[in-house]
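Here's the letter readout for the chains.
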Amino acid sequence: MNKWLKSSAALALVSTMVLAGCGNNGDSGSDAAGSGEAGKKAVTLKLWGGVPEENGPKAVVDKWNQAHPDIQVEYVRYVNDDTGNTKLDTALMTQSDAPDLFFSYGENNLYRRENAGMTAPLDDLIKQYNFNVDEVIGNDNVIKYNNQIHYLPGYKNIDFVVLNKKALDEAGEQVPTDWTWDDFAALAAKLNNGAMKGAFVTPGADLLIGKFTLVDSKPNDSFYAEDGTSNFNNPAMQKGLEIQKQLYDNGIMVPWAEALANKLDPANELLSGKAAMVYGGAWMMRDLKDTTKYPRDFPVAFAPAPQLETGKNVNNGGMNDFLSINQNSSSKDAAFQFMAWYLTEGNMDMVPGGRIPTNMSVDFGQLTKLIVGDATNIIDEASLSNVLKGNYTFATRIKSEGYSQINNVMKEEAEKFFMNVQTIDKTLSTMKERADKAIQEAQQ
Amino acid sequence: MNRNKRAETIAGYLFILPNFLGVFVLVLFPLLFSLVMVFTDWDYLQGFAGVTWVGLDNFVKLFSDEYFLKSLENNVIFTVVTVPCSMVIGLVVAVVLNKFVYLKNLLRVLFFLPYVSSIVAISIVWTVLYNSTDGPINAALRSLGISHPPGWLADPQWALIAIMIMVIWTYTGYTMVLYMAGLQGISKDLYEAASIDGATNLRSFFRITVPMLKPTSFLISVTLMISTFQVFAAVAVMTKGGPINSTTVLAYRIYIEAFQNYKMGYAAAMSWVLFLIIFVITIVQWQGQKRWQNHF
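Sequence lines, in order, name chains A and B.
FYI, in the numbering used here the residues of the first sequence are 126 to 569.
FYI, in the numbering used here the residues of the second sequence are 36 to 331.
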């Protein structure tokens, strides 16, 4: 009898342990407030984002929390790589420890989450809180999913070229304002000297000159031709890849494979004097101002991204930091209040970290001052302001069939071309063939 | 009496329950589930609604997938080179350390350290060493008069070799420790008898040491084959399969298909093929071992 008692006690103990272990203790905060935002208890919102806390999110969240004791936001950082994104996907899918609000970076991650039904449609909330999307962000800058808005972008990413001003002055050149990739290559050749390479473009799928020229020729869904097949055999792609290979072959850029193997980084190449100009973007601002990490005696200047032909002003950057509300969040109202505040004023605290707000009413002169801060001696304010306020046609992406595969295909085949394994004709035809197959498979 | 026994049995099961539940949830279930997954094309973000049954399509596709075949080829080269190399070097080091007593303990620890260090940390350090322009390895080669040292991780011809060298270096500690233990088990009488008969040191090494260590060698070759066939971390950290897929291996391919391309079924099919290969190799080794063990 006694043993029975003991064993049932053991069973009870074990099952509590198991239940507690598997239990969903993540959103206990939001559960408590599930009855509505009028509840007495403070709502706690979890916000997942990829920007390190000290680069802005902490300031944003602190400011909000101080002003809104009833809605407390807790920022959780996830690393924006494959592993980090899988972690977020899993949290959203299983609803264990899931965020109420989350940032997706790049259309690829966003569309995957939309398709999986993880994002809440926002139209009702937008109406309820009178949030004017067109005035703040611009209707054209938001792509609907199933006729509803499922995210709002918080960051306008602008790509640009950063130049070593001293090297530029020594060569007797002006900061370019409207230029082509041919001009880029010519200037790189001129700036190139033994110790300092002429240019640096991070090797990889995201920053391929062939991709930039392709985007220049077709800013909207540049990877896909009108008929839905891949656009990789486009002459613009050929042009970009050939320019890039020439830069490698003439020793003006560190060879592709070497830059890849040594994980070279544009900020480091430029600021330690290893390259005279690098292709980068607003995200580099923090490093450009950091003289402890990169002690230097030269200022940097900014030029807009080179074009396939002048006068087009296409930019490969575009809207990013897609903020969505978890479809299963129990505090959508509170979450939207934070979201609306973030998009209208909150994200100004992200500016010093180099993130330009999507808010269209922002004053660019003030914005530039905010970014530069007291670093006027090492950052050329005039050219930066010029680049930031430019009127760009941004790259947009609506199609997503097999996107990550064809992105890989592009990189792999370009790599073979750069390393002299195949000719340009073979590169383009293989790219096209493989990408078409991937698109076809994804459509099935 | 009978009732008591039943109660005891139940209590016994309850005691193993927590552990068993852990194994079931984290190991057994995923294992069986992956066997179901190989017949599906599963977009796992959609939950179970995303499952489409495709029969044997995944396997058919595998054998026309050049990346899979390339990975398989790299895996075979990797195992065929690293296993014998680390065994031979480990044996030589073990014998030398066994004979010469100076700093024996210190040296043994030094050789064993890489094996117990984090492979990720090791890979990062070796990436720096292999740096083709400023790395110490190439600096040393240049000072030896080699004007064009290899590009190591940046060169498709050398990248796999570079990773293999690093892996051999880590596994040598493991083989050395096992061989040292094996050496303790060989009776001194045999060497004494051999030296009385006039055998040289080299001869007694090949005629006594090597044959007597056969069981140890068998153990090492089985365990090393299994682990080298699953090489992942070194590739993921050092080269990500590049340049031009020259270092892509099955475990890395599985990861790419599952977590970058979100093709869970296809990745599961690959992992079962990997399992089958390792399984067959082990069975063959087992049978072979029975045969050559009979010589004694």
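It should be emphasised that the hints constitute simulated quantities derived from the structure, not laboratory data.
Some hints here could point you the wrong way.
Within a straight-line C-alpha distance of at most 30 angstroms, the following computed BS3-like cross-link-like pairs (lysine-lysine) qualify [said to hold, decoys possible]:
| id | chain 1 | residue 1 | chain 2 | residue 2 |
| --- | --- | --- | --- | --- |
| 1 | A | LYS269 | A | LYS541 |
| 2 | B | LYS325 | A | LYS562 |
| 3 | B | LYS275 | A | LYS212 |
| 4 | A | LYS541 | B | LYS96 |
| 5 | A | LYS437 | A | LYS212 |
Interface residues of chain B toward chain A, partial, derived using beta-carbon atoms under 8 angstroms [stated by the list, open to error]:
| id | residue |
| --- | --- |
| 6 | GLN81 |
| 7 | ASP100 |
| 8 | ASN166 |
| 9 | THR168 |
| 10 | PRO171 |
| 11 | PRO185 |
| 12 | PRO191 |
| 13 | ALA268 |
| 14 | ALA271 |
| 15 | PHE294 |
Glycine included, every Cβ here is placed at the ideal spot set by N, Cα and C.
Cross-check of the supplied hints:
{"no.": "1", "hint": "A:LYS269 <-> A:LYS541", "result": "violated (38 angstroms)"}
{"no.": "2", "hint": "B:LYS325 <-> A:LYS562", "result": "violated (49 angstroms)"}
{"no.": "3", "hint": "B:LYS275 <-> A:LYS212", "result": "holds (20 angstroms)"}
{"no.": "4", "hint": "A:LYS541 <-> B:LYS96", "result": "holds (24 angstroms)"}
{"no.": "5", "hint": "A:LYS437 <-> A:LYS212", "result": "violated (40 angstroms)"}
{"no.": "6", "hint": "GLN81", "result": "holds (6 angstroms)"}
{"no.": "7", "hint": "ASP100", "result": "violated (11 angstroms)"}
{"no.": "8", "hint": "ASN166", "result": "holds (5 angstroms)"}
{"no.": "9", "hint": "THR168", "result": "holds (7 angstroms)"}
{"no.": "10", "hint": "PRO171", "result": "violated (13 angstroms)"}
{"no.": "11", "hint": "PRO185", "result": "violated (12 angstroms)"}
{"no.": "12", "hint": "PRO191", "result": "holds (7 angstroms)"}
{"no.": "13", "hint": "ALA268", "result": "violated (13 angstroms)"}
{"no.": "14", "hint": "ALA271", "result": "violated (10 angstroms)"}
{"no.": "15", "hint": "PHE294", "result": "holds (5 angstroms)"}
Checked against the numbered hints given earlier, the structure breaks hints 1, 2, 5, 7, 10, 11, 13, 14 and satisfies all the rest.
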